[in-house]
Every structure is written in C-alpha cells, then in structure tokens.
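Number of protein chains: 2
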Amino acid sequence: MIYLDNAATSYPKPESVYIEMDKCLRTYCANPGRGSHAMSVASAVAVTTTRERIAKLLKIEDSLNISFTKNATEALNIAICGSLSPGDHVITTCMEHNSVVRPLKTLEKYNGVKLSIVSADSFGRVDPQDIRKSINKRTKLIVCTLSSNVNGIIMPVEEIGKIAQNNGIMYLIDASQGLGSVELDVNRVHADMVAFPGHKGLLGPQGTGGLYVSPQIKLRPLMRGGTGSRSELLYQPEIMPDKLESGTLNTPGIAGLGAGLEFILKNGIDKIRKKKDELTVRLFDGISRINNIKMFSPENMEENSGIVAFNINGVDSTEVCYQLDKQYKIECRAGLHCAPLAHSHFKTIKSGIVRLSVGCFNTNDEVDFAIQSINLIAKGYKN
Amino acid sequence: MIYLDNAATSYPKPESVYIEMDKCLRTYCANPGRGSHAMSVASAVAVTTTRERIAKLLKIEDSLNISFTKNATEALNIAICGSLSPGDHVITTCMEHNSVVRPLKTLEKYNGVKLSIVSADSFGRVDPQDIRKSINKRTKLIVCTLSSNVNGIIMPVEEIGKIAQNNGIMYLIDASQGLGSVELDVNRVHADMVAFPGHKGLLGPQGTGGLYVSPQIKLRPLMRGGTGSRSELLYQPEIMPDKLESGTLNTPGIAGLGAGLEFILKNGIDKIRKKKDELTVRLFDGISRINNIKMFSPENMEENSGIVAFNINGVDSTEVCYQLDKQYKIECRAGLHCAPLAHSHFKTIKSGIVRLSVGCFNTNDEVDFAIQSINLIAKGYKN
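Protein sequence lines correspond, in order, to chains A and B. Take the first sequence: its letter number 313 is residue 313 in this note's numbering, and every next letter is one higher. Take the second sequence: its letter number 182 is residue 182 in this note's numbering, and every next letter is one higher.
There is no bait here: all hints are sound.
Since the list gives no way to pick out one identical chain from another, each pair is judged satisfied if it fits inside one copy or across any two copies.
With a straight-line Cα cutoff of 27 Å, these simulated DSS-like cross-link-like pairs (lysine-lysine) come out: (1) K218 - K109; (2) K140 - K109; (3) K218 - K105; (4) K329 - K23; (5) K59 - K140; (6) K23 - K326.
By construction, these hints were calculated from the structure, which means they are not laboratory data.
Work the whole structure out from these sequences, hints included.
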C-alpha cells in the first residue's frame with residue numbers, strides 16, 4: 001500500500017508518536033490541570049511540553065497564548081466567530097477550505113458581516129495587492145490559508161501580513177496545509193491568530209489542533225464549560241489558554257502531537273521540506289510527462305507545499321482514484337477536498353481533481369510506482 | 001498507585017482499548033468519510049462501528065442521530081447554544097457542571113434567555129415537581145445531569161423526562177457521569193438530546209464524546225467546516241451526523257471508544273454496576289465510620305453512580321488529597337469539580353470536597369487501603 005494522502009492526514013507517524021500515546025494511555029492519562037495528584041500532574045506536563053514545542057516551532061513568545069482544539073476547524077471557528085460582529089467586513093481568498101468559507105458565509109448570511117473573496121491566477125496565486133484594494137474602513141479581519149489543500153500553492157502570507165498590519169486589521173492564518181515543512185514565524189508574518197491541525201504536517205494524531213491568539217486579541221469563546229481554573233465562576237474565565245479550552249483535553253492525542261513536534265524540531269523543517277520537495281518534484285515531473293494530463297499544482301517547489309494535483313482530461317477524478325486504490329493500492333484523494341471556491345476557480349466542480357500529497361516518509365520507489373500506475377490508467381482512457 | 005479519580009477520567013481502560021488505538025494509528029488511520037481509498041474506508045468503518053455501539057447502549061434507533069464531539073462539553077454547548085433563542089426559558093438544577101451552567105449563564109446575560117435553577121435536598125436530590133412548577137409558557141428546554149459529578153447522586157431523569165414530554169419541552173440529559181454503569185434508554189427517559197463523554201464510564205480515551213439528537217430537533221451547529229459531504233455547498237449541510245461533525249474526526253480515539261463500548265456491551269451494564277456498587281458501598285461504609293467526617297454522597301447505591309464525597313471536618317479538601325497523593329499514592333480529586341452551584345448548595349465553596357470515584361477495575365484491597373489512609377490522615381487532624 002502506498003499512502004499519498006498526507007494533505008488529509010499524515011501517515012505513518014514517527015514511531016515515537018505511537019509509543020508516547022500508548023505510554024500516556026497506559027501509565028498517566030488523567031485530567032491535566034484538574035487535579036493535583038501525580039497522574040494529573042504528569043498529564044499537565046505532557047500538555048505543557050507540547051504547547052511549548054508548538055510555540056518554539058511558530059516562534060511564539062508565550063506558549064499560554066496557544067489553546068488546544070480538536071482540529072483546525074474548531075480553531076478557525078473560534079477565531080472567526082469570536083472576532084467578528086455585525087457590520088464588520090472580512091477579506092479572504094478563493095483558495096480557502098470550507099472550514100473558513102462556511103463560517104464566513106454563515107456570518108454573512110445571518111449576522112450582518114460583509115465578505116470579500118479575492119480571486120487568484122490559474123495556479124491559485126493570490127496577489128496581495130488585490131487584498132489591499134479590498135480593504136475598507138469596516139475591514140476587521142483578513143483570513144488566508146498558508147497553503148492550498150487543493151493544489152499546494154503557498155500563499156504570500158508575509159506580504160498579506162504587512163498589509164494587515166499597516167492597516168490595523170486582524171490577520172488569521174489557516175496553517176492547516178504546510179505547517180511542519182513550510183516555515184511560519186508568527187512575528188515575521190504579523191499573524192494575530194494561527195489555526196493549525198495536529199494530524200497533518202505536525203505528524204501528530206487526529207483529534208488535535210490549536211489556535212494561537214496574540215495577547216492583543218480578545219476573542220469571545222465558542223464554548224463554555226469546565227476549565228479547571230476559577231471553578232467558582234459561573235462565567236467563562238478570561239485567562240488563556242483556559243478560556244478557549246473548555247472540557248477535558250485530549251491528553252493522549254496532545255502527548256502524541258508532542259512527539260510529532262519533537263521529531264520535526266530535531267530533524268529541522270528545512271530537512272523535512274527538502275525531502276518533501278524532492279518527492280514532489282519527482283512526482284510532478286513524472287505525471288506531467290504523461291499524455292492527456294492537466295496539472296493544477298505549481299511546478300516551482302518554492303510555492304508548493306507538497307501536493308501534485310491533476311486530472312486525466314475528460315475523466316472524473318473519482319474514477320482515477322478508484323483505479324489507483326483498487327488496482328495499484330495507491331491511496332490518494334479525489335473530489336473537491338472541501339474547497340469548492342478553488343474548484344469553481346479551476347472549473348473542476350464537476351470532475352473534481354486527483355490529489356497526490358507526499359509526506360516525509362514516502363520514498364522515490366513509491367513515487368515512481370505511482371507515476372507508472374497513473375500512466376497505465378491514462379493509457380486506458382486513450383483507447 | 002491507587003487510582004480513585006474515575007469520575008474525571010476512567011483508568012485503566014480495558015486492554016482492548018490500547019490495542020485498538022495502536023492498531024488504528026499504525027495501520028489504517030486516514031480520514032473517515034473523506035476519501036474512498038481503503039484506509040479511509042477502514043477509518044469510516046471504525047467510526048460507524050463505535051456509533052452503532054453507542055446507539056445500542058442508549059437504545060437509539062438510528063445511529064446517524066449521534067454526532068461525535070471532542071468531549072461532553074462540546075456536545076452540551078452544541079445542544080444548549082444550538083437550541084435556545086432570545087426570549088426562551090430554560091430550567092436546570094443546582095447539581096449541574098460548569099459545562100451546563102456557563103453556557104446557560106452566558107445566554108442569560110447576553111442573549112435574552114431566561115434561566116431557572118431548581119434546588120435540591122441535602123444530598124443533591126432534585127424533586128421533579130420543582131421542575132414542573134418552574135415551567136412557564138416560554139420554557140423551551142430542561143437540562144439535567146444523569147448523575148452529579150460532585151457526589152454521585154443519580155437524578156430522576158425518567159420522571160423529569162415525562163414532565164418535559166407532557167409539556168412539549170425539549171429535554172437534554174448530560175450523561176457525563178454514570179453512563180456505562182447507569183442504565184439510560186433514550187426512549188424510556190424521553191430524552192431529546194443526550195450529551196456524553198467517551199473517557200469516563202464508556203472506558204474510551206480522552207478526546208472523544210458525542211451528542212444524540214432526536215430527529216425531531218433541528219439544532220444550529222456551533223461550528224461549520226468541511227464535512228466530506230456536499231462539499232460544493234458554501235453553507236453547512238443539514239444532514240446528520242455531518243452537520244455537527246465539522247473537520248477531521250478523532251479516528252483513533254473513536255476506535256478506542258468503540259473497544260471500550262464493546263467491553264461494556266459484552267460484560268453488560270448490570271455486571272459493571274454491581275462491581276462498582278460493591279466497591280462504593282465498601283468505601284462509603286469504611287469512610288463514614290471514621291470520626292470527624294462529613295459525608296456528601298448518598299448511602300443507597302440505587303441513587304449513587306460510584307462516588308464517595310466527604311470532608312474531614314474543618315480541613316480543606318486539597319490538603320487531604322495532597323496527603324493521599326504524596327503519602328499514600330492514592331489519586332483522587334479535591335476542590336469544586338467544576339460544579340460551583342453544587343458546592344454553594346453544600347456550603348463547601350471554600351473547603352471544596354474530597355471526591356473518591358471508583359471504576360470497574362478497582363479492587364477491595366485498594367478500597368481498604370484508601371479507608372485506612374483516610375483514617376490515618378483524619379487522626380492527624382485530631383491531635
């Protein structure tokens with residue numbers, strides 16, 4: 001089996017992730033921050049360790065400004081719904097995931113929020129000046145993905161951040177794709193908020209994610225409940241990260257994420273990026289040489305986070321992925337990847353797109369086998 | 001180490017939970033419901049299996065009416081915030097957790113919802129007639145816990161359900177405490193919604209939980225995002241369970257929860273309840289014989305879900321738990337247990353309460369050692 005669906009969930013994880021999760025579950029998994037007994041403290045230490053590793057990765061000064069969530073979707077909903085009010089204007093791009101688009105469209109429809117969606121070129125490149133031109137005096141927030149989950153295009157998040165900063169506008173980055181191999185320094189990109197999942201490039205398990213919130217930003221929480229802090233209060237405490245972390249945390253998941261982050265910090269982002277770039281270039285070159293193929297991903301690895309998106313002309317993406325799975329045991333993703341605006345932009349709403357996404361544990365042999373398999377499938381359609 | 005903090009997180013889990021989670025992570029953990037490849041399908045099967053086991057446990061006809069959440073807090077926030085509108089009246093009890101109280105108090109303060117909080121007797125017993133008397137023509141929702149997380153008192157959820165049904169009022173049960181050993185048949189108790197965590201009595205890992213929503217109820221979702229279904233829509237699809245399950249699910253956690261549920265369904269709730277009752281009776285009897293002790297839990301096991309709550313008179317609960325942990329390696333919980341209304345009721349806001357909560361894997365020897373240890377600690381304060 002060849003796994004090329006790392007943009008959905010990275011697989012496999014470093015061995016240390018499996019070991020740490022099992023160790024946590026079997027030996028110390030109590031409630032972090034709720035009790036003072038030894039297991040509860042050990043759980044809190046695991047959570048804190050992971051929080052500090054994320055802070056290190058993103059160059060965040062105080063790790064307490066990071067709240068853990070179940071996935072990036074929760075983090076994005078907290079950031080978007082917790083910061084916008086009726087009358088506010090928000091700018092985003094046509095390359096965003098439904099975890100950004102659906103909350104924004106709902107606020108637009110029911111809560112008096114105005115929405116501008118900036119378009120892109122044929123490879124999904126957004127011009128920061130288009131964002132600048134969309135700013136008006138009610139603009140409260142700019143939301144942009146670090147990298148598209150459809151075709152891997154890396155966004156000009158630093159340039160957009162400068163525009164946001166110069167105009168005093170809050171800036172939220174959806175770091176779901178790319179984080180772990182694409183550098184993200186919250187200060188350099190002037191991000192006020194960064195939402196991230198744990199189960200993709202950070203090499204942790206599903207059920208983890210988080211939201212960094214700059215100390216200047218005061219969000220309304222999405223959920224309220226037990227925080228283990230100020231339990232006597234009948235309202236949510238304002239203290240971070242508790243304010244956005246109601247209910248029992250996923251300690252084994254967060255411990256596993258900590259091991260994933262340790263792997264990344266030890267190896268270094270550059271090394272992981274280099275490995276992914278080599279695999280992606282090889283895959284891109286091989287597939288683009290096949291006849292009757294349309295490529296949607298950028299060829300230059302400086303603007304690609306590790307995705308090769310393509311279609312065999314005239315063939316539905318689900319058919320291609322079905323054959324890759326059934327005949328060649330290659331696991332990849334067809335359809336719309338929960339990003340309908342990008343597919344409208346690429347004119348692929350009906351066909352979807354075949355998406356191959358590499359991880360740092362893929363091999364050249366796997367890539368070569370995938371290219372050969374796609375070649376054979378494409379030939380089948382020429383007959 | 002003796003673990004008596006099962007009301008926070010059950011520990012240990014059945015061996016099958018550890019095995020299933022590790023197997024999931026190592027062999028098939030892709031995105032359930034997102035792709036059609038073999039691993040994605042295997043993940044979807046794991047999620048469906050767990051969903052069906054919960055349905056079996058709660059006697060829910062169609063398992064698709066259960067959405068997975070990260071914990072009970074998320075489920076309660078979805079149920080409460082998604083069902084109430086300005087002008088609505090809601091009734092709850094003084095024995096609720098902050099995961100019920102804080103969302104309700106916030107809706108009362110900012111969203112024009114009216115709130116009635118029904119009191120209880122000295123052991124936290126709520127009279128269903130007090131709930132009936134609080135009903136007015138704007139009453140939209142009744143929220144009640146299955147069992148108190150402070151002292152274990154089991155609530156008259158069936159009688160309250162009948163009152164809710166007779167008055168055409170939505171009924172939400174917080175099944176955080178007791179589920180897995182206390183019987184809960186959604187039809188018999190007339191529950192419209194049931195929120196539950198996976199990591200307590202259901203013997204699954206942290207990071208799991210869910211919400212059952214009767215097909216008659218249409219909730220507004222708390223979060224919007226990718227659902228893997230109807231990806232072309234810019235708004236959240238109405239289909240359950242997707243509507244309330246945005247973003248990647250915690251597949252390894254849900255697989256582990258499935259193993260926990262399998263253990264419960266195989267052994268039977270009655271057997272687990274019997275074991276917990278025996279341990280709780282033994283613990284209760286032993287502690288109540290110690291001089292200078294005030295008991296807060298009900299003695300009759302028919303109305304206790306497995307908690308022995310007490311204080312050594314005049315001694316702060318955190319001091320007692322500290323000694324139990326440091327001197328005797330007994331893990332239990334002090335403080336307010338995120339239920340301030342119950343502590344106001346018991347007049348223990350300052351001292352907190354010492355809470356020992358048994359699980360089905362505790363032994364008589366552990367219980368006896370805990371009793372001896374508490375006896376020694378209590379003697380220390382008499383000098």
